[in-house]
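As a plain string of letters, each chain reads:
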Amino acid sequence: MTIKWNMLLFAGCLLMLSAISSAQDTVLFYKKPLVPNYINTQFAGNVGAMVLGAGYRMNRARTLEWVLAYGYTPKYEAARRIHTISFKNIYIPFEMKIGSDCFLFPVLSVGISRQFPKGNKIFITLPNTYPKGYYAPNAFRFHLNAGAKFRKEFAGKRFIEAVEFYAETTTNDLYLNYYLKSRSVRLSNIFSTALGMNLVMYNLKKPGIIFLKNRN
Amino acid sequence: MVFNSLNKYVTKYLLVSISILLVLSSCDKWFEYSPYSANVPVKMRQTTTRCLNKISEMNSSGFPFTRFKIAFISDSHLNFDDLEDAVEAINRDEEVVFTIHCGDMTDGGMLAEYMISWNIADKLRRPYLTVTGNHDCLANGEYIYQEMFGPKDYSLEFQQCKFVFFTDVIWELNNREPDFLWLDNELKFSTQYRHVFVIAHIPPWSDQFSPLRTVAYRMMMHDHGVRYSVHGHHHDPYLGYYFSDSIPYLVVGSVDKRGYYELVVEQDSCWFNRIQY
Chain A
1 MTIKWNMLLF
11 AGCLLMLSAI
21 SSAQDTVLFY
31 KKPLVPNYIN
41 TQFAGNVGAM
51 VLGAGYRMNR
61 ARTLEWVLAY
71 GYTPKYEAAR
81 RIHTISFKNI
91 YIPFEMKIGS
101 DCFLFPVLSV
111 GISRQFPKGN
121 KIFITLPNTY
131 PKGYYAPNAF
141 RFHLNAGAKF
151 RKEFAGKRFI
161 EAVEFYAETT
171 TNDLYLNYYL
181 KSRSVRLSNI
191 FSTALGMNLV
201 MYNLKKPGII
211 FLKNRN
Chain B
1 MVFNSLNKYV
11 TKYLLVSISI
21 LLVLSSCDKW
31 FEYSPYSANV
41 PVKMRQTTTR
51 CLNKISEMNS
61 SGFPFTRFKI
71 AFISDSHLNF
81 DDLEDAVEAI
91 NRDEEVVFTI
101 HCGDMTDGGM
111 LAEYMISWNI
121 ADKLRRPYLT
131 VTGNHDCLAN
141 GEYIYQEMFG
151 PKDYSLEFQQ
161 CKFVFFTDVI
171 WELNNREPDF
181 LWLDNELKFS
191 TQYRHVFVIA
201 HIPPWSDQFS
211 PLRTVAYRMM
221 MHDHGVRYSV
231 HGHHHDPYLG
241 YYFSDSIPYL
251 VVGSVDKRGY
261 YELVVEQDSC
271 WFNRIQY
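Protein sequence lines correspond, in order, to chains A and B. If you count by my numbering, then the first sequence holds residues 1 to 216, one letter each, in order. If you count by my numbering, then the second sequence holds residues 1 to 277, one letter each, in order.
A few of these clues could be false.
[Said to hold, decoys possible] Straight-line alpha carbon distances no greater than 25 angstroms define the calculated DMTMM-like cross-link-like pairs of lysine to aspartate or glutamate that follow:
1) A:Lys181 / B:Asp207
2) A:Lys181 / B:Asp122
3) B:Lys29 / A:Glu77
4) B:Lys257 / B:Glu147
5) A:Lys75 / B:Glu147
6) A:Lys132 / B:Glu88
7) A:Lys132 / B:Asp236
It should be emphasised that the hints constitute simulated quantities derived from the structure, not laboratory data.
Next up, chain B with everything else stripped away, as it sits in the complex:
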């Protein structure tokens, strides 16, 4: 009788304790204080700075100009599977020297989203650069972006081409004006370069740009002879002369449209190809 009841308790006790152990051992991250926290793991910090260093190492090898390709993806939001497929497709192309994500790599600017996207983008065999999107600035996203990737506005010189990464998010950054002065300053000596590209998340004709800002952006592109102005934000891809002036605009489109753009740069010309995967 005693043994019987004891046995019943022991089995129940074992069941509960085993389930607790299972539950505890299944956790990847032991304690999480808040989904809104912004404590970026050390290995993920300052990714842009690290990638820029890698690219400048490639650049400084002193070789004469060679044809190269750059892959452009955008607006992955919560479509992590499509992002992964895009990464695989880009990895298959040996000519791609680096990849540019045109913003919106998260949906709500949560740390978990940033970390999932980072882990997927980390599978890229070549370095990658990012620009802030409007969704990336929600919640504590602005802070997380700066911790995880680095500066919001930066530029890169590669093979006598200049790439300017410009944050033009307005509403989500408390209606702060984008740093047009900085952009103008970066584009000042654009004639020294073979090609100049500006990468910004929101296209100048989009909802967040007031007419004045649109005119300012257009004039800047026109005055400095920018080769292409590359954007994200809209999920449908678009390539054309939007304002019927001399500057072609590219909207990369979201990854769930199952395609990415590659920029092919040659001695004195460059063009975009759309690759479906």
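Pulled out of the complex, with its shape left as it was, chain A reads as follows:
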């Protein structure tokens, strides 16, 4: 069991490292660093029913993206409303041009999410009620996603430079644990789907970069 787990962890680390190592070329931002490259909206995917986030392209090659998002799950789905903050590290191995300004590419990502609950039943540090080490913290979840993204770029300088649509299949650390521990849990039981749309305001690899050069 532990060997399987270690292998999974190792694979996850490799995924992140490979993305970072390919991000060595100089990044010339034509926007302020804190301004996101795109607005991310998502439906479902274990981080909330409705998700709204800010996406950042971390390198010019467009292989590494970070998304910081807030997810909301309404009351009828749970005992009470669920608020989730999630961070996603996205790796794009290659891009494929399928038209004059259309792209299709696979996306792989690892994420972490934190739920904001009420009461002493979901926690990061153990509440005083319990003796030391009674429970492991259960407010953080680690996510593993894989999917495909489609991008349509618009010619000319405008506010929205491109639109991206994506579908992902997602799972998290808990579900993987169940899969590893139980023979009655099949692979199809632990995955679910997420659909998303990105409104890209700053699409890199475009002449917008010259803007900064002129300034200097």
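Go by the hints and put chain B onto chain A.
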């Protein structure tokens, strides 16, 4: 040249689209909003109520008292495979009329854990009853338990025996006091029954019971002449007179100890056997 490049794109495109299709078709549940959600599927709701109805149908057939067996399992947590083996072992015994799970059927009170446990317990050929464990109350577990199984405190009369299911989890229910008044009320007419059994997850000598609560529980068992007090929580099985009084206490032990207890009830006696599988 054109054909060549087109071909390359077509194959790549096909590869990606096929992988997307594979990924999408492999999903069992299409959209999942949060692992902490508590939306129990309709077919899983109110299981306790349904099982109680089945048991009362068996009971009302008007036959005179016959010897019967009841299986006790406990603390399955994430040991789903062991739980499945226990279910198979219980199914092999024709004399068992119903099964009781003494709590902790999940590890973190997550909906997915509840659903996996439910699906395994659903393979039992006879009805089954549950009692809330401390782990079942973590996250949104308390709510999910009430949706999936029904009331937390309930009782059952079967063949002139009374089974009282009592939730004595304290810390995980925001330090709410267990409903000792309800328990006392349920045990009031215990002399009318052949045997009375109390099933609660946490044993009265365990960490969550303050000395006062322990005394209250012991007195209640003693005053009403309870035949056995059955518990889970501790993973090692135990059967004996813990407080050296007249009441025997049973700790069923977790399923990964590869064994379950069966209660054999006869006309005027009853005893527990441990069955290894």
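Evaluation of the provided hints:
1. A:Lys181 / B:Asp207: violated (29 angstroms)
2. A:Lys181 / B:Asp122: Given that 25 angstroms is the threshold and the Cα spacing comes to 19 angstroms, the pair holds.
3. B:Lys29 / A:Glu77: Holds - the C-alpha atoms of Glu77 (chain A) and Lys29 (chain B) are around 14 angstroms apart, at most 25 angstroms.
4. B:Lys257 / B:Glu147: violated (30 angstroms)
5. A:Lys75 / B:Glu147: Given that 25 angstroms is the threshold and the Cα spacing comes to 15 angstroms, the pair holds.
6. A:Lys132 / B:Glu88: violated (37 angstroms)
7. A:Lys132 / B:Asp236: holds (21 angstroms)
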